[in-house]
Amino acid sequence: MQGDELLAVTPEALAKAILERRERMATHLPKALEQRIEENDRAYGLSSKARADLNTLQADASNADQDELDKAKATYDEHEAFRRRTASRLQNVKNKIVDCEEALAFWRTMNEGGWGHLLEDAERLNSGGSSTYAKPAGRLAREDES
Amino acid sequence: MTKRKGSMFDDLTGMRIDEVEAKFEAILAELNKAETTLVEQHVMKKIHSETIKFAVNKTTSPPVVGDEHADATILSALEQKSVFDACLRARDELVERLAVPRHRVAHTLTDFHHKLTNSAHEEAPTLASEMEMFSKFFEFQSMMNIYNEQNDVLHNLSKARKRLLETVKEVNKNDRRLVQSIAQTRERSRRFRSEAGRLRAYLEKNSSGSKHPVPPPSADASERLRAGEALTMEEFASMLEHGGLTDVEPTERTKAPTSKQAKSEMRRTEARRGERRVGANKKE
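Protein chains in written order, with our numbering: chain A, 58 to 203; chain B, 132 to 415.
One chain only, chain B, in its complex shape (with noise of 0.2 Å):
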């Protein structure tokens, strides 16, 4: 003998009226909570990503961080970027400036110190050449102090880039965090949906008149449905009360094929089961 599947309202049958709604109104609070917090966290992981992208360099404008969402990290990420920016400009302005590399500028420097000061009869250089090396020498001497001085440059850059990498891999470990927190929202967020639908369902059963109106889609279905994922019956419901449904790209709706001729291609396609194979000489 099988055993008899229970109601879905066996929890609820003992329990008066007024604490059904009591507990409905309850759960409608957590799930107005859960999806507050899931629009926050999609707000905070679109902040993430464009601070990354800035700090990469795949945008060029920062992201706008509001109070709410300022986050130590981000500000640190943004901050850093400007610091490194601008130790990119000095190292830009530096090489602009000298045009030639350093190890080029030694070598040349001890080269023409060479030519000048010790070399052969037989290879001297003639008046002229000893005027134009003379001048490079002391050039070039100069550009080497300058090297020297602008050390630090070269060497902020670096740290610059080091330290800007590695709050960057921070903001990185901290969007993936926020993307389990997201999934779980969500979760948390269906759960309540649906037994706020349970809820109001016994009630809509116990009592007369819908006192208890499906509440609004968020918009975190919406988007979803866009993206062509799966609702739950609970957000289907409610698309359906408030017309959420309906604004999901109308004109597609109209361009859909309606002939009857139309309709027997797409049926080929698929494939017969359970039914009889019947020639298209046959049937006619």
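Just chain A, with the same shape it has in the complex (with noise of 0.2 Å):
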């Protein structure tokens, strides 16, 4: 969208494509959600099978080689990261859908009536008050004595 058609876009309707981002957003992230859990639930089976490894080589030191104990080690530090990345990403999957199931509530609030404070900048330059980017006239003033 350009120029003309930017003007013409009203609150109502910019809600209502947010709301519709929104609403297709929220259809994709249970699938997203799924797929990390999964993702997920390999990496914590990796990394805890990876941890027992190193665990039962440390144990039996006596027996265990340099190099089996390193390998082992630097096995377990690979699956560990894996699950920490993992877990990441499903918790910002479900802080989405946290942040998405609001985000709708609002939007459709939003859009039933009332702007709130939304509109106030707008409103204000309609008005012939200044932008919000605009000096103060008190700084202005006293960067003129200045």
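Keep in mind that the hints were calculated from the coordinates and are not lab data. Just so you know, these numbers come straight off a predicted model, no measurement behind them. Beta carbons: idealized from backbone N, C-alpha and C, even for Gly. One or more hints might be untrue.
Claimed, not checked - In silico contact screen, one side only, chain B against chain A (beta carbon under 10 Å); selected entries: (1) 229; (2) 231; (3) 249; (4) 255; (5) 267; (6) 270.
Claimed, not checked - Keeping only pairs whose Cα atoms sit at most 27 Å apart, straight-line, the calculated DSSO-like set for lysine-lysine is: (7) A:73 x B:246; (8) B:164 x B:304; (9) B:246 x A:88.
Could you fit the two chains together into a complex? Lean on the hints.
Next up, the structure:
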């Protein structure tokens, strides 16, 4: 969307477009959550197994070869890092689901009537005021004095 | 055999004294007229200079133009300057009020609309960002509308600037013409003064007593003397008679070196042409 079309966008239309995008997101998020849970479970399993192997080797220190020990340590570190990444991704999706629910509720409320403080700046400009980027009058006067 | 040089009064010898006097009076009248014109032209030149300076913001105060010096181009330039200033104030007020340039408003408007309605699942903004962008989107939309409404402010400013510059060029052209005219008037005045001096000398020679006093020096001559420019013999004579020369920087004259030593030092700087070189020891 460009130029004049953007000037014709109303708050209702924009809120509706946001809601539509949020609803599209909401349909995708459960599937993403399932994928992330499955990924996280797999990572947790790999990490647990690697930890167990490492513990076994460390417990039997007399028979363990140093190379084997190092290799088990590296495998554990790698799987643990993967587990942390998947846990972070899973948490991210969970946060998005919560945020999406809140956003859907918020934009539905807004769309039903009243825009609260969201249109304050635009209304101030339309009634002849200054933009939020303009320097306040007091600050301007102080700068002039200095 | 060389031809005998004619007298400077050859053309007057056949005339009667009263005719020469009448001619002298006529020349004096012409001289006065030329001097008055010269003063008027200097005043106009000053007004031209001040108008140009005011139009290009070199000075803040406009020139004082009396009714007798009112010129259509000057008045037009002053009027156009006030229109230009008003357009400039309107533009400054608009810029101060919105603070964000038009191209940035247009770019941000597109960017926010895309992020709010079409962003991919991974880079979707949070609810807090959405609220902020929603609010800013409509603020930028209002800014764009104001820019569109106030489009004529910028257009008028550009138009006023062009018109003013054209008029200033016209004033400058008139000023150059005036400079030429001043030079011509000055030359005419010089000729009249010279002729008046010649007639006065003739009358003094041919009648007893000085019936025809030297006319007083003009303000123009005094200014030229101060500027270090050359004077005609008539102007010099009128200054001698009316005391114009004594008014020029009397303090400097008192400070001039008078001792013999100072004089001799001054002389040493000059080339000694046509005289014998004598060493300091030999002199003694």
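Against the structure, the hints come out as follows:
{"no.": "1", "hint": "229", "in the structure": "5 Å, holds"}
{"no.": "2", "hint": "231", "in the structure": "5 Å, holds"}
{"no.": "3", "hint": "249", "in the structure": "7 Å, holds"}
{"no.": "4", "hint": "255", "in the structure": "6 Å, holds"}
{"no.": "5", "hint": "267", "in the structure": "7 Å, holds"}
{"no.": "6", "hint": "270", "in the structure": "4 Å, holds"}
{"no.": "7", "hint": "A:73 x B:246", "in the structure": "14 Å, holds"}
{"no.": "8", "hint": "B:164 x B:304", "in the structure": "25 Å, holds"}
{"no.": "9", "hint": "B:246 x A:88", "in the structure": "23 Å, holds"}
In summary, this structure violates none of the numbered hints.
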